[in-house]
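Chains Y and F are the protein sequences, given in the same order. By our numbering, the letter at position 77 of the first sequence is numbered 77, and the numbering carries on one by one without gaps. By our numbering, the letter at position 319 of the second sequence is numbered 319, and the numbering carries on one by one without gaps.
Simulated from the structure, these hints should not be mistaken for lab results. Treat the hints loosely; a few may be bogus.
Non-contacting residues of chain F with respect to chain Y, defined by C-beta distances greater than 12 angstroms in every case (computed) [said to hold, decoys possible]: (1) Arg166; (2) Ile241; (3) Asn270; (4) Leu537; (5) Phe598; (6) Gln634; (7) Gly711; (8) Asn725; (9) Leu747; (10) Glu791; (11) Cys808; (12) Asn845; (13) Asp902.
Here are the simulated DSS-like pairs of lysine-lysine, each with C-alpha atoms no more than 30 angstroms apart in a straight line [said to hold, decoys possible]: (14) F:Lys287 to Y:Lys83; (15) Y:Lys50 to F:Lys286; (16) Y:Lys50 to F:Lys441.
Partner residues aside, some chain F positions facing chain Y, computed with beta carbon under 7 angstroms [said to hold, decoys possible]: (17) Tyr254; (18) Glu366; (19) Asn369; (20) Ser373; (21) Gln748; (22) Glu750; (23) Asp891; (24) Arg900; (25) Ser901.
Every residue, glycine too, gets a C-beta built ideally from N, C-alpha and C.
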Amino acid sequence: MFLINCPYCGERDQSEFISGGEAHIARPKQPTELNDDQWAEYLFMRKNIKGIQFERWNHAHGCRKWFNVARDTSNDKIEKIYKMGEQPPKL
Amino acid sequence: MSKNLRINNKQFVDETRKLSFIFNGKKLYGYKGDTLASALLSNDIHLVGRSFKYHRPRGIMTSGSEEPNAILQIGNDDALTDPNVRATEIELYDGLICNSQNCWPSVKFDIGGINNFLSPLLPAGFYYKTFMWPASFWEKYEYFIRKSAGLGKSPTKQDPDMYDHRYMHCDILIVGGGVSGLIAAKIASDDNKKVLLLEDKELLGGSLIYDDNDTSKIDNQKSSEWLKKLIENIKNDKNIIIKTRTSVAAYHNYNFLLARQNLTDHLSVNDRNNKIRQRLYKIRAKKVIISTGAIERPQVFHNNDRPGIMLASAVKKYIDYYGVRCGLENVIFTNNDSAYETALSLHKSGTKLNAIIDIRANSSSEIVNKVKSLGIQIYWNHTVVNTKGYKRINKITIMKLNDNGNDVVGKKIELNCDCLAISGGWTPMVHLFTQSGGKLKFDNKDNIFVPDKTNLNQLSIGSAKGDFELDDVLKNSIKDTKKFLQIENSNFDKIDVKCSKEKEKKNIWLLPSDKPLSKTKPFLDYQNDSTAKDIKLALREGFKSIEHVKRYTTTGMGTDQGKLANMHALGIVADTTNTNMGDLGTTTFRPPYTPLTFGTIVGRNVGQFFDIFRKTPMHDWHVDNNANFENVGQWKRAWYYPKDGESMHDAVQRESKAARESSGILDASTLGKIDIQGTDANEFLNRVYTNAWSKLQIGKCRYGLMLNEDGMVYDDGVTTKIGENHYLMTTTTGGAANVMSKLEDYLQTEWPELDVFLTSVTDHYATASVCGPNAKKIINKIFKDLDLSDESFPHMSFKEVKLGNINCRIMRISFTGELSYEINVEASYGKYIWEKCIEAGKEFNITPYGTETMHLLRAEKGFIIVGQDTDGTMTPVDLQMDWIISKKKYDFIGKRSLYRSDTIREDRKQLVGLLTDDPNEILEEGAQIVKDENRKPVNMLGHVTSSYFSPTLKKSIALAVLKEGKKLKGQKLLVPMIDKTIKVTVSDTVFLDKENERING
Ligand SMILES: [Zn+2]
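For reference, chain F alone in the conformation it holds in the complex:
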């Protein structure tokens, strides 16, 4: 350290614990308790980044979450690196590595800095205006914008850290552990409430905890001493749960809040092993107290963005809390009394303060008088008109304001300055209040928006509510909290507070300069590089709404959400358009209040926990037999079983051939199964399916098609009559939950008079489906006493039999067109019965087949798959399934819609078969079908929904939906692909065994 920037008052940093860190490749040192920002400042480093658009050098400006400039890339590990981290928020740890991010090739020499000289060419809306035309150039623009903008690098490898989610419930949630939040916590706890207190910093106490200036007293004690005792008291209070390093990201309706706790970011990398990095709390609070404080506003003047220009409150915190001087030639520039606290701290620490510039005419408050008495030069009624120093401020120029405050007069005075502490007043942190739906009102006295109306059980106190002086903060917090909690008395009722009271107020949103505005750079939003000029330009170009001005100029749209910029932007709009600020309204604050990592948002729901997956009881067998799986809803279904390096195509050809020629076996356990019981069960089925169910006999099965009330096909499946008032319905795998919920809906809300009970039994049963010419022989080997003759056990019937102690429900139903038996057993016997079938089928080359082969086999027979051949716009008539619509039934779900003017149109898309002229050409599912590809625009007639190569037919087959398809049978059409056009002929939907002979083996 060349300069002596550390002072000897280090209450909050531990000088015995020296930590090393690397900034832009250079090894530096700080202490435990430092933030990265305070450590950098103690090394005399202000310049940390470049601005977004003009690449101007920028320095650390604040000491908190409102920091617009000091945004760094932390870490250099591909998996662990974190972009966009505020140096003011991250606690220093040993071995921390950080780099400036918005500069190339280095922070000190930045090629993008040339934009600064080009800035007349980069006004507000520049990106919108320039990069709109010609649109085909966008790729080129994007390359340059991305390269020169580059806000940090994302990690390129998987995040190895652990994140956690936790629910919390409390009577009173207090957001912000400053003095008002602490008092509220104590009052609530004394009333026996369960309190949760969240503080985003490491320590409780807010700004009062390091206040050491004797300008205020509480109960005749130094206010920081009084506060320390209160904190000790609260830490031992069993009613209060305290979470530090925890910031609320979002405040939703019904007092539901999300808060992120940092658990390891302050530890050295080696100490983080096996620890949870961050935790997201999902909090439900009966009542919420917001005590988030206020943030200081900068002032807007020419060249107000140089490194070394900082908020006055930050300069004070760096001295009083971290023991770090931000400069050796300090100047304060203010419009209010609070910056005089900084003057006292500078003076007390023996740090040189060259002058105070105050835009007010004078002030005679207690604290100002005290500063006056120290002999510090104060320039009343003056403003800063310019600053100098490219990478660090070194001089400022000040001038006297005229009587109206809209121009400067007199001679320029130049002052030496390597740290300019600026204060433009204070803005309550109302972000969470507005996120929760609260409405603000404008306070003309302090030029602030304060909480007004809310629908929620919440209260804002302290400076978050607009109280800035200690006696107001304390007394109103006590009074308001008591009222909010309906408490008569508290232990704070006799509190005695002494503090200096501000007497003079003056505010100028855009300070005048000796130069015309067009020649100046008064920055509003440091992160997005928008200036007062940009706001005025937007207004000249006709933007009126503050939301439009914000988007056009990008003011307030950075990662800091314009915490520093918004008020000035509003103020300048109001001044320019002669509007009341209160009438302009504010822009909307949206969650998160500060950025969250993706890891925090997803918590444990990563990798195999990303989504639930469901396995059938036979799953392990499929795994052992080399199945590839596909996701169907949440199910993992065996897709195909490749043998010795077979491709999917080869495996499917082999599997389907085996099923047609001898026998195949499918795991059908995933089909939805609903147990239906009750005296009105039959009537219920009549109402929900299109076909008639009245004559179905016990022991028989029937296929049903279910529609939506709009007449479109919703689901299908086979239902079996098990007993007089007892049915087992099957649904599609993906539709099971929706069908169940739809049926419940009708039962509960439309037909409560029906005596019907529904139970989902999908998970209760496992289903092995054995098909093929040899299926009967295989089933016979397992169930030796079962009469499998067509007379006793015909197609579409059901038998309940025992295999040892296992109850088996066997349905003779077929989705492949082959003779087929589905054996349903209790789920726990699923693997047993499956292996039994495999063993019995060995001599018949029983071949397990997956969903892909199932799809091929059913397509050969022209059976639809709801959701593949239908898409919610197909009626049964469109599917050429007119036969399944009962003509006799008075009503069923969707019936009336089947003869709406739209559904009876003849030119609707209808399901057809397609055959390619070249039998080896397989169409792509989703491919468009046209008649004439030369007439532009090409008229799309429909698309392919299912397509396969059939090994049995030795040709390619496809199903498609086609406009007026029924009429087009035999027609030649075209399927244009990217590299060729495929000729097809419209055919019947049934390709194989039109006579249904295979069904009997």
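Bound conformation, chain Y alone:
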């Protein structure tokens, strides 16, 4: 169980958070313009990498805010936490 530094509340136990999967996959603004393959790309395709992964996390049992986390999946080390709407850091 790791510790997550919620940008709004501070450091809390992982059990207070839920993970929302890969970050920076924006919902298409005009879904009807997309063909099946393009829509499937948005809907289903997710990376599963060993190394630093950008993820969405939600402080579900706290402030309920969503934010982004850069986490090394090989050792769960959190390299950076940044707010929704911000660009992924260069790591």
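Chain Y is already provided as a structure; the job is to place chain F with the ligand on it using the hints.
Coordinates of chain F with the ligand only, in the frame set by chain Y:
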């Protein structure tokens, strides 16, 4: 006691407190301070169990948590008995009852012992090979395996003990209260750090505390004396919290550790009343220092498993700590200097030591010279080739090693021996380090794996790090701790340590014998009965990875996790395959380090505290009126209200009839309720529901269907427009939390531009739903001034009224198809308004109905229940609810997916009605639907999702999902059951009141 096995040096046992205990039905005595193992040994009992596979007699081998053999059943109470308890770990208490567990009918005469003679037939992988075929025989195999294996009995009654959980936080966590851990604790405390020190034994001090041999000195004092002063000092240190009898079970990432403290297991049963038995600490530490020490390795030779063969360090501890001799004809068999400490302890206690067998050519270290000077016979360059004595060792045979150490030469020498103290060197306890993700490296000098790389803020010190000699242990612990804590100076900087230094090292993983390997039994893993032969067989059969070898031979897979066996297994694999041990890698150590009771793991979360349960404000009324409850999520919902011994079926028939013919009342408080406000609230609803919301007027309600982005139905419910920018959304009971979190997600991450605020108000309101032809009359009696005419208060509308001081929100909405009003009040008035309705409805036979009747009533109308008639694979089109998909809206969640190639397939499963040919036959929910049951394989077309007997229609009705169901209306299909086949006809999903006339009463 026939033999005099207690000596007069009893620092740590209290001879004034004699304790009685019962072992295998026999009453015996020991002292306060004994472990069960030391008490048994003082009664000359070594044989305590039988081995797992061959049922060979096995004795106490160690003095700690690595014990593979002395695993006993403690207690004989059905609720309190504990299986698999190590006699070496449990402290003796008065009245302790224990039994050997892996033997039948008794430890001395064990029928399974015949396996020993059959052992050529029971090689590695025997279970895998033999019991694979034929598969249908497995039940028979299992019976015999279980009966003859039987590792202890589980308690059969509920555990009456209390267990506890507690969180702890500290700057420095120190695991292990031996000398290095104590020094580290003191250094950290002197630097004003908050220290938590955990020790799994009763007393601090590790093995140095009972070291009495004058071979080492610290600051010119006997090392144990020096240590005692340090312990006194630490006990009075306010920065240090000490928890003894506390062992770390797991070391997780981010320095999160679980430790179990034994609080009452050492007390007599009567003294345990109302006390917490064990406590689990959940510890977050800024830094962790591992000082868990090392465990001694045995040596691997023919018949090395007889009772009376023990680790040399254990023999020493039994004498020096407990004052117990393990034998009267002792022999030591070693490959290193540490066993010479045991020789000195035996000598000092006046215990006979017949000889020392040492595989090394010679040694001239200080301690060896001292032993030499005592005139003890030492056989250099010799090995044990055999032992004798079935239930207790009585003789050993030794031979000289050749120059390569791979064979024996010369004549056999036989020695008398009732206790063989063996030492094959030491293995650092790196279990916790590796559990935490740390990587090991191999040290060729000592043939050990030592901590190398870690991502965590942790440090291993002392023999856990691979330092075995006292001066290295102390000086490196001081140096490393200071560096770890970034401290310049400590009070230990001028420490002066004197000790004997080992000069010669020699290690042979599998010692040679005069017999061929196939004729010998050199055991590696005592608990799982795997031998060196098994390892070699596995390698011959092509297993290469150490993880595979381990599983195939079951080496290291017992409750001791192979604490004694793993290094030898690796060593033999390395030797046989000509590989470097460092390249082989180790097997993975997984938590828990030592077994935990289930009680400790669950703590207080048992019985009614197992999970939270939520009660509606009317709950007590339901209880008083004999409701049976069902769990819906965490809610307890009234299921049905049986009267005078009614069955569930009868109650549901009565309740639903009353609702259709006069009036019924349902507690609908559990539905999820989300308050939505903001200038973009209407736009938000348009985006999350499939239908259009723009034209909804204030005071009106609308049903909505919510999809996932994949187009599948996710939730449904009615939303009411309360004000211009204010809506109240209801969700399903089970989906409330998920819907809330999903909507928040979209608002925060996809549509941050929307001015919308969501508040969960599920718990704020209680809801009584009154339905039936007489509902209007009942509501009218309560709200006398309210205009209930269809013009003023039509279906799907809302009014806010007052009843005295109580604000009531009344929605005219219906899930039953009947005229129906839902009264929402602040939760604290829930029971009041409910009772008001019951009172007003009395003359109309108002009947409380539960969820089962609600399900029946809505099924008659063909209304779906999300999660019952849908399973995450149904689109609105599949549900024949095309009408609710707005054609005009540009976008909503899931819209694009509704015309993916997969979702527009016509042969998808679709919701249909089913009528049984025999109207009294009720289908089982979940039953499969087929067309032709004779053509194999039978083609499954779908399954029943909802099924009831309708008292109003006087026939059975069902909803089902069916492949191409829309096209199959009127078709005859089959529902095969285990004892019969039920004939059904596909029908419309609406069974009752297709014209929707009942909705107006
Ligand atoms: Zn937060």
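Right, here's what the structure says about each hint:
no.: 1; hint: Arg166; verdict: 15 angstroms, holds
no.: 2; hint: Ile241; verdict: 21 angstroms, holds
no.: 3; hint: Asn270; verdict: 39 angstroms, holds
no.: 4; hint: Leu537; verdict: 36 angstroms, holds
no.: 5; hint: Phe598; verdict: 20 angstroms, holds
no.: 6; hint: Gln634; verdict: 15 angstroms, holds
no.: 7; hint: Gly711; verdict: 9 angstroms, violated
no.: 8; hint: Asn725; verdict: 21 angstroms, holds
no.: 9; hint: Leu747; verdict: 9 angstroms, violated
no.: 10; hint: Glu791; verdict: 41 angstroms, holds
no.: 11; hint: Cys808; verdict: 30 angstroms, holds
no.: 12; hint: Asn845; verdict: 46 angstroms, holds
no.: 13; hint: Asp902; verdict: 9 angstroms, violated
no.: 14; hint: F:Lys287 to Y:Lys83; verdict: 29 angstroms, holds
no.: 15; hint: Y:Lys50 to F:Lys286; verdict: 27 angstroms, holds
no.: 16; hint: Y:Lys50 to F:Lys441; verdict: 23 angstroms, holds
no.: 17; hint: Tyr254; verdict: 4 angstroms, holds
no.: 18; hint: Glu366; verdict: 45 angstroms, violated
no.: 19; hint: Asn369; verdict: 49 angstroms, violated
no.: 20; hint: Ser373; verdict: 54 angstroms, violated
no.: 21; hint: Gln748; verdict: 5 angstroms, holds
no.: 22; hint: Glu750; verdict: 5 angstroms, holds
no.: 23; hint: Asp891; verdict: 6 angstroms, holds
no.: 24; hint: Arg900; verdict: 6 angstroms, holds
no.: 25; hint: Ser901; verdict: 6 angstroms, holds
The earlier numbered hints that this structure contradicts are 7, 9, 13, 18, 19 and 20.
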